[in-house]
Amino acid sequence: MQELSLNVLDIAQNSIRADASLIEIRLTERSTDQFLEISISDNGCGMTAEQVAHVMDPFFTTRTTRKVGLGVPFFKMSAEATGGTFSIVSEPGKGTTTTASYCTGHIDMLPLGDMNATILTLITMNPDRDFLYRRSMDDKVYTLDTRELKAVLEDVPLNAPEVSAYIKESLEEGEAELLGSPAV
Amino acid sequence: MKSLEELKAIRDRVKNNVTLRKEDADAIRVVVGMATCGIAAGARPVLAAFTEEVAKRGLTNVMVTQTGCIGICQYEPVVEVFQPDGKKTTYVKMTADKAARVVTEHLVNGKVVEEYTIGSISNLK
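The listed protein sequences derive, respectively, from chains A and B. Residues 1 to 184 in the numbering used here are what the first sequence spells out, letter by letter. Residues 1 to 125 in the numbering used here are what the second sequence spells out, letter by letter.
Next up, chain A with everything else stripped away, as it sits in the complex (with noise of 0.2 Å):
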């Protein structure tokens, strides 16, 4: 992978599977310690203590296609590679928790890239699940959540071009508040 953002992508992917209805996905930077940190949380069907311990073996995969599954490792590795951390907290029926931390001064510490493309791939493909989105920066926070959007939106899916556009200008208006920079 070359950007954090496409792990998030492929790591969500594993929630969809796992047949949550609702998936949380945090990410925690603070520029003071140069630390960041991503997780991603679901209410799918969970795993068992020895599943969790296969999910990181490369090797081990559920998948019948082929014989390899290296979502799971390829993002503990990014997170290794700076020195970070990494771990899966997981129940059977109650869902995942996959979280990677970060020392992102290191020389190989990955760019996050495009999180926005990956969020919205995410909600517009899967507009019958919520998501949970909460980025932070500091002492700034931006928060999107499909389940306030619906409340509001009754029978438009999130999917209607013109609601995807609305959640792109959100995230898009977040990410430079967060970072700073003025929106565009």
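Since the hints were derived computationally from the structure, they do not count as laboratory data. Backbone N, C-alpha and C define an ideal beta-carbon position, used for all residues, glycine too. One or more of the hints may lead you astray.
What the hints assert, rightly or not - Distance condition first, Cα-Cα at most 27 Å in a straight line; then the derived BS3-like pairs of lysine-lysine: (1) B:Lys56 with A:Lys168; (2) B:Lys98 with A:Lys168; (3) B:Lys111 with A:Lys140; (4) A:Lys168 with B:Lys8; (5) B:Lys93 with B:Lys111.
Claimed, not checked - Rough simulated footprint, nothing fancy, chain A against chain B, three-plus residues with beta-carbon under 8 Å: (6) 82-89; (7) 96-102.
Here the structure of chain A is known, so what remains is to put chain B in place on it, guided by the hints.
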């Protein structure tokens, strides 16, 4: 900042003429592979290009969806187009630019872009 008021206005504007993309037999389905292999090879911008082009042209008979790995990882990003008549086209090594061309030539004008299909690519190899 974007407000929920603004969203309300969009809802009221769209509500009455929202053309639901039904999963009916008359729709063309565009399926983009979004497993680890597809994502790593650049499927995200391809998927975005398809949804944007389809929205821009107001093609209500096209459904853009995603799927997992279909087993030909070396050809990712892979896009499959399923027509209502049962015809299936597999496009390989896609990019956002190629996606725009597939929308114009195949989805709108019904002419398969042969040079991007798996048949022509694997012969060249």
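Here's how the hints hold up against the structure:
1. B:Lys56 with A:Lys168: holds (15 Å)
2. B:Lys98 with A:Lys168: Distance ~23 Å between Lys98 of chain B and Lys168 of chain A Cα, so the pair holds.
3. B:Lys111 with A:Lys140: violated (50 Å)
4. A:Lys168 with B:Lys8: Answer holds: Lys168 of chain A to Lys8 of chain B is near 16 Å, not above 27 Å.
5. B:Lys93 with B:Lys111: holds (19 Å)
6. 82-89: This one is violated; 0 residues, fewer than the three required, reach chain A with a Cβ under 8 Å.
7. 96-102: violated (count 0)
Hint compliance for this structure: hints 3, 6, 7 are not met, and every other hint is.
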